[in-house]
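Number of protein chains: 2
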Amino acid sequence: MKNHILVVGSLAYDSIQTPFGKVEKTLGGSANYFSVAASLLSPVRVVGVVGEDYNQTDIDLLAKRGVDLSGMTKAHGKTFHWSGFYEGDMNEAKTLKTDLNVFESFNPVLPTLYQNSEFVFLANIDPDLQIKVLEQVKNPKFVASDTMNLWINIKKPSLLNLLKKLPAVLLNEGEAKLLTGCSNAISASKEILKMGPKYVVVKRGEYGFVLAGPDGFFMLPAVPIADVVDPTGAGDTFAGGFYGYLSSLTNFELNTINLKWACIYGSVLASFTVEGFGLTKLSQITKDDMIQRLRFFEQSTKHP
Amino acid sequence: MKNHILVVGSLAYDSIQTPFGKVEKTLGGSANYFSVAASLLSPVRVVGVVGEDYNQTDIDLLAKRGVDLSGMTKAHGKTFHWSGFYEGDMNEAKTLKTDLNVFESFNPVLPTLYQNSEFVFLANIDPDLQIKVLEQVKNPKFVASDTMNLWINIKKPSLLNLLKKLPAVLLNEGEAKLLTGCSNAISASKEILKMGPKYVVVKRGEYGFVLAGPDGFFMLPAVPIADVVDPTGAGDTFAGGFYGYLSSLTNFELNTINLKWACIYGSVLASFTVEGFGLTKLSQITKDDMIQRLRFFEQSTKHP
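Quick note, the sequences are listed as chains F and U, same order. To convert, note that position 95 of the first sequence is 95 in our numbering; the numbers rise steadily by one, no gaps. Take the position in the second sequence, starting the count at 1, then add 1000; the result is the number in our numbering.
Read the hints as simulated data drawn from the structure, not as lab findings. Model, not experiment: these values are computed from the prediction. C-beta atoms are modelled at their ideal positions from N, C-alpha and C, and glycine is treated no differently. The reader is advised that the hints may include incorrect statements.
[Stated by the list, open to error] Not the full set, but computed from the structure, chain U residues with beta-carbon under 7 Å of chain F:
no. : residue
1   : Asn1184
2   : Tyr1207
3   : Phe1217
4   : Ala1226
5   : Lys1260
[To be verified] Keeping only pairs whose Cα atoms sit at most 25 Å apart, straight-line, the calculated SDA-like set for lysine to any residue is:
no. : chain 1 : residue 1 : chain 2 : residue 2
6   : U       : Lys1302   : F       : Pro167
7   : F       : Lys194    : U       : Ile1225
8   : F       : Lys156    : U       : Asp1089
[Stated by the list, open to error] Okay, the calculated beta carbon distance ranges per label pair:
no. : chain 1 : residue 1 : chain 2 : residue 2 : range
9   : U       : Pro1019   : F       : Asn91     : 20 to 26 Å
10  : F       : Gly216    : U       : His1076   : 49 to 55 Å
11  : U       : Leu1100   : F       : Gly196    : 50 to 56 Å
Chain F extracted, bound-state conformation (with noise of 0.2 Å):
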């Protein structure tokens, strides 16, 4: 039987500007970005609210990928909509605006059928709400979340609560340090795993991962793009290559081989965000072209 991913994360609209261009509302939000990554290789299932100016072509989007969206909500008001952009590196996105909108009353319930999912991921959404997504669902193989600065800073106790009940935690590099006042990721790693999460990785964006546990660490930089026009999602995309490859494998173990493919096929999906804006390149690519930058990026990263 074929396992099932569960994600509860945002459904957005971006408008962005980086070095490279511009986009006005662009199709975003994490639960988005993750569910057109992971679908590539397993069945997902969405929690998520969007407002009435949500457009039925990006609900298709998702549902031509098989993906199960009965656990979305249409609410009155507007989609949650991020506005910000990149300069320079683009290593780091600076926000406009955000407006929460429809999203700041975000209550995530799961439908009964999501309740038996048993791969399940809680993006970046308040520590409180993912505890209470925790609590809905029944025997999960794996769960594992994601934050942001926001919640490290004003919800820590609620987050270091979720982190003790979790064998793993994604979260990006300037996260890891806010959360453990340590000034590189190694370092950041290890205080980590000491807060409960058997694994950790740290997504360092075109710098690549590491994934630290009981072995040790493993870590490779990113595939080598150099035409990278957006960043944004990538983190995301990370997280549902992730998942999409350990809930695909038929006999799931957690150890630390299993985590070393799934990050190996997050910084193979995450490449693609980054060659478009929003999800333009990631939500064309086919499992061939994922088997073929997955090739590119051994032959990059391989030792001789």
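Based on these hints, arrange chain U on the given structure of chain F.
Below, chain U alone, put in the same frame as chain F:
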């Protein structure tokens, strides 16, 4: 017959402050870091200038490792002194003061014996001087240069002229971006290859390196080190390990597999430098320590 490495660069005293401590006038300079690293693997010859304040113990440190210092001159005045600090993630040194002192009128002249050196490293000195050194060596097997922002800004034509003559160049990520106007190390590498060198190595500090050449990219992150106390000299140490490995080859050929291994040895040795202030840690390690860390690096970065 054994190959010999010639390095031309700075011999200096550094005053450094990091979040982990502070040192006054500790031994530094590109040629010192390079020599200590390279001499673990191959014989090294140094051309550089020091002042009357240069300590005999600092000369002994290199001499004890078999480094040939007959190309080192002592001039009237004081030794080059750099003073700087690192904050936060320590990714960038902030300069407080640069006293060039005797280094200001450095005019590298090679002893006759040195002119037959098989491996030549032009550390980050004025590109006009780098060219002058290049003109003094006879039929070397391999030459590469480093550079720095200052020369890219004020001597770009000389630097571009030099790059046309070299099989390889090593520089850090910020320098690669400044030289090319590119926003990432991948696109920057591609542009630098168009400037002449067959291979380019972009040093990324805690994020490792990018090797680019006729066979594409080879990239790895840095060796995972939790307790980074002072990153000063890591790039020059990388170059030292890189050269030490290449020069140790009985039948050197300029090819991708050899340069991949050179980058790995560079990464391994640089990982010791950052564990102590100045040269304190690097100068204490043995070949066994190096081999052990090489295994650790492979474990941490080898594809499953």
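Outcome of the hint check:
Residue-level restraint check for Asn1184/U holds (minimum Cβ-Cβ distance to chain F is 6 Å; threshold 7 Å). Interface hint status for Tyr1207/U: upheld, as the beta-carbon distance to the closest one in chain F is roughly 4 Å, under 7 Å. At about 4 Å, the closest approach between the beta carbon of Phe1217/U and any beta carbon in chain F falls short of 7 Å, and the interface hint on this residue holds. Checking Ala1226/U against chain F by beta carbon gives a least distance of about 4 Å; that is within 7 Å, so the hint holds.
At its closest, the beta carbon of Lys1260/U sits 4 Å from a beta carbon of chain F; the interface hint therefore holds under the 7 Å criterion. Of the pairs offered as hints, the one joining Lys1302/U and Pro167/F holds, with about 23 Å between alpha carbons and a cut-off of 25 Å not exceeded. A threshold of 25 Å between alpha carbons decides the hint, and for Lys194/F with Ile1225/U the separation of about 18 Å falls inside it, so the pair holds. Between Lys156/F and Asp1089/U the CA atoms are separated by roughly 22 Å; this keeps the pair inside 25 Å, and the hint holds.
Between Pro1019/U and Asn91/F, the C-beta spacing of about 21 Å keeps the proposed range 20 to 26 Å intact. The hinted window of 49 to 55 Å between Gly216/F and His1076/U holds, with their beta carbons roughly 53 Å apart. Between Leu1100/U and Gly196/F, the C-beta spacing of about 53 Å keeps the proposed range 50 to 56 Å intact.
In this structure, every one of the numbered hints holds.
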